[in-house]
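Engineer: First to last, the protein sequences are chains A and B.
Per our numbering, the first sequence runs over residues 1 to 370.
Per our numbering, the second sequence runs over residues 371 to 740.
By construction, these hints were calculated from the structure, which means they are not laboratory data.
It should be emphasised that the depicted structure is a prediction, and the values quoted were computed from it without experimental measurement.
Just so you know, not all the hints are guaranteed correct.
[Unchecked claim] Every beta carbon over 10 Å from chain B, so not counted as near; a handful from chain A, in silico: (1) 125; (2) 157; (3) 252; (4) 257; (5) 286; (6) 331; (7) 333; (8) 354.
[Said to hold, decoys possible] Subject to a maximum C-alpha distance of 30 Å in a straight line, what follows is the list of computed DSBU-like cross-link-like pairs (lysine-lysine): (9) 148/A - 365/A; (10) 735/B - 365/A; (11) 223/A - 593/B.
Beta carbons are placed, not taken as given, at the ideal position from N, Cα and C, and that holds for glycine.
2 protein chains.
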Amino acid sequence: MKEVIDEVEQWLSLGHTVALATVVNTLGSSPREVGAVMAVNDAGEVLGSVSGGCVEAAVVEEALIVIESGEPRLVSYGVSDELGLSVGLTCGGTIQIFIQQFSDKLHSSNLSLRDIFQAIRQSLQTPIAICTVVEGMQAGAKMIVNEKGDRLGSLGNAEIDNMVADDAQGLLQQGLTKLSDYGLNEQCRQAEIKVFVESFAPPPHLMIFGAIDFTRSLSVLAKVLGYQVTVCDARDSFATVARFPAADEVIVEWPHKYLENAHVDHRTMIVVLTHDPKFDVPALVSAVRTPAAYIGAMGSRRTTRDRIARLQEAGLTEAEINRISAPIGLDIGARTSEETAVSIMAEVIALRSGRSGERLSHNQKPIHAR
Amino acid sequence: MKEVIDEVEQWLSLGHTVALATVVNTLGSSPREVGAVMAVNDAGEVLGSVSGGCVEAAVVEEALIVIESGEPRLVSYGVSDELGLSVGLTCGGTIQIFIQQFSDKLHSSNLSLRDIFQAIRQSLQTPIAICTVVEGMQAGAKMIVNEKGDRLGSLGNAEIDNMVADDAQGLLQQGLTKLSDYGLNEQCRQAEIKVFVESFAPPPHLMIFGAIDFTRSLSVLAKVLGYQVTVCDARDSFATVARFPAADEVIVEWPHKYLENAHVDHRTMIVVLTHDPKFDVPALVSAVRTPAAYIGAMGSRRTTRDRIARLQEAGLTEAEINRISAPIGLDIGARTSEETAVSIMAEVIALRSGRSGERLSHNQKPIHAR
């Protein structure tokens with residue numbers, strides 16, 4: 001939505017009524033990603049795009065109906081095989097588009113359009129998720145959620161608000177945008193209503209130092225979880241794109257040199273996998289001096305003891321050393337690199353939520369962090 | 371290898387020398403999967419295939435050199451773009467093939483060929499992994515590992531044997547076949563030697579009952595971990611291939627009816643996600659009466675309490691109810707469906723290894739189950 005708000009605001013200030021069409025779901029191959037938007041005004045002017053072209057005219061027609069009626073609509077379009085081919089895809093898919101009229105006062109919500117535009121504009125400083133009911137009662141209602149779980153607006157039901165805010169906080173921390181089903185009476189996910197959660201935040205960044213065997217599985221899993229993944233290793237024969245096709249970037253550089261110039265913030269996770277002191281020690285010395293949310297280092301119990309001694313020699317304080325999760329991961333008896341990747345990402349998630357990792361069936365604590 | 375052992379044995383009994391070429395690694399697209407084999411005898415006769423055709427002749431040539439010299443070789447071939455296209459792929463890749471002479475006595479190993487063939491033939495009853503050094507000292511050495519971690523043969527070094535056997539046990543439980551790097555002195559994964567671990571076992575089966583939002587992420591993660599994934603739900607509008615493209619099969623059926631005819635063994639994991647009593651209770655009543663390795667059920671604390679009461683009413687004993695992991699997963703504060711999938715698969719792995727799930731950095735227990 002970000003790319004059209006300036007023009008939409010101008011249209012509104014000129015007295016136009018505006019409808020916004022957003023791709024909320026795709027099945028199979030599709031030309032545009034979830035979150036792509038098209039804005040249409042009552043004069044038939046169009047901004048942005050929701051498809052490669054073929055369904056654009058149909059969406060404009062629907063948008064004009066929505067402007068006329070004021071009622072939001074969720075519509076589905078098959079993307080033809082011909083289009084699929086023309087955009088380089090081998091088969092067609094389906095896209096779902098939510099079309100909503102935008103005026104100063106939002107349908108069934110305590111939010112104004114001004115609140116939403118302001119939150120989007122500030123989202124680089126304060127990442128937010130905008131949650132919209134796209135099917136079911138209160139379609140069109142919106143709620144804004146930030147990383148701490150603070151909310152603005154309502155989806156029209158306190159129980160749904162709680163469930164969606166909880167999920168939105170998690171999606172936001174992953175930088176993910178997604179359509180989900182919810183239901184009442186704790187029988188959630190029963191598809192009574194559909195809510196589109198759109199994150200306005202960069203995805204969290206996972207930096208993996210060490211282009212080893214485990215790195216491949218970890219990069220695959222981290223992509224499933226929505227991370228931007230960097231693999232970095234000083235050895236050019238190991239750090240190759242062919243070995244890590246899932247990673248967003250593969251960098252040949254000493255990890256501590258890479259860290260000198262990299263942007264590290266509270267959404268950055270650093271994982272050190274080489275368990276070779278000549279790479280690990282300088283990387284960890286640099287890592288603990290960043291605001292990274294998570295720093296983990298792989299190695300046996302013995303490697304970990306030896307490494308702590310070297311980090312102390314290098315001048316790290318006890319508090320700095322305690323920021324490092326080593327041995328890395330949850331104690332699940334992981335053996336293969338895939339299992340180790342699960343163990344590591346489970347620790348990353350648990351640490352963010354302040355959870356123990358023990359089995360839920362063995363305690364009586366709340367399941368979700370609130 | 372399974373498909374050629376009868377003929378290879380016959381060749382050997384006729385006095386032929388035989389080389390076996392195995393695809394041990396693929397990068398990018400490739401026409402055959404890891405584990406594909408071609409057998410060549412000293413008369414130039416050929417069985418099986420390691421590629422779509424283009425590198426076959428080159429491999430036969432290499433195999434004849436290996437038969438002549440007795441020395442194993444690890445060779446790499448680029449698969450041309452032309453071939454890629456002809457087998458329906460859009461770009462070429464690279465395959466690595468290990469070629470080893472097979473005679474009654476195996477190079478640098480305490481195993482005979484008879485041991486290996488016997489273990490492969492019995493692998494339906496007793497799944498095994500065959501580990502082969504394909505690069506580094508002792509190339510050609512083999513070790514057989516079963517699901518309990520029992521070993522036959524050696525890779526020529528006790529420390530490597532321990533590391534590889536540990537990984538092989540994990541790969542075997544997942545039914546995975548894979549090339550990995552190992553090194554000495556606990557600096558493992560440093561690529562001093564390459565070991566190919568080939569599982570002779572069906573992949574473990576994950577049955578997901580409930581075609582809900584979470585099911586999609588869980589099926590993606592389970593495929594990364596090597597599971598065969600079935601999604602089953604009685605509602606045909608939910609249980610569709612389009613919603614769960616990662617699943618191996620999507621079945622429209624009541625879960626308890628599906629379980630009546632399904633094969634369930636100690637490698638089957640059953641996950642019940644609907645948290646709707648009319649589906650869950652009959653599914654769980656059927657599930658606890660199978661030898662499944664893992665049975666988990668999703669739901670809030672309240673849903674879990676209510677469900678236990680219904681399961682008691684349905685006649686389940688306390689021991690049967692205790693087999694069910696509910697609420698499902700490790701306590702990592704999972705919020706999104708991707709995080710919940712990590713929480714569930716982490717519990718599956720932990721339960722198999724008898725581990726707690728707490729952070730490894732918070733205890734002093736051994737990292738790997740031995």
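Engineer: It remains to establish, for every hint, whether it holds in the given structure.
Structural biologist: Status of each hint after checking the structure:
no., hint, in the structure
1, 125, "23 Å, holds"
2, 157, "17 Å, holds"
3, 252, "16 Å, holds"
4, 257, "21 Å, holds"
5, 286, "20 Å, holds"
6, 331, "5 Å, violated"
7, 333, "2 Å, violated"
8, 354, "7 Å, violated"
9, 148/A - 365/A, "20 Å, holds"
10, 735/B - 365/A, "25 Å, holds"
11, 223/A - 593/B, "14 Å, holds"
Checked against the numbered hints above, the structure breaks hints 6, 7, 8 and satisfies the rest.
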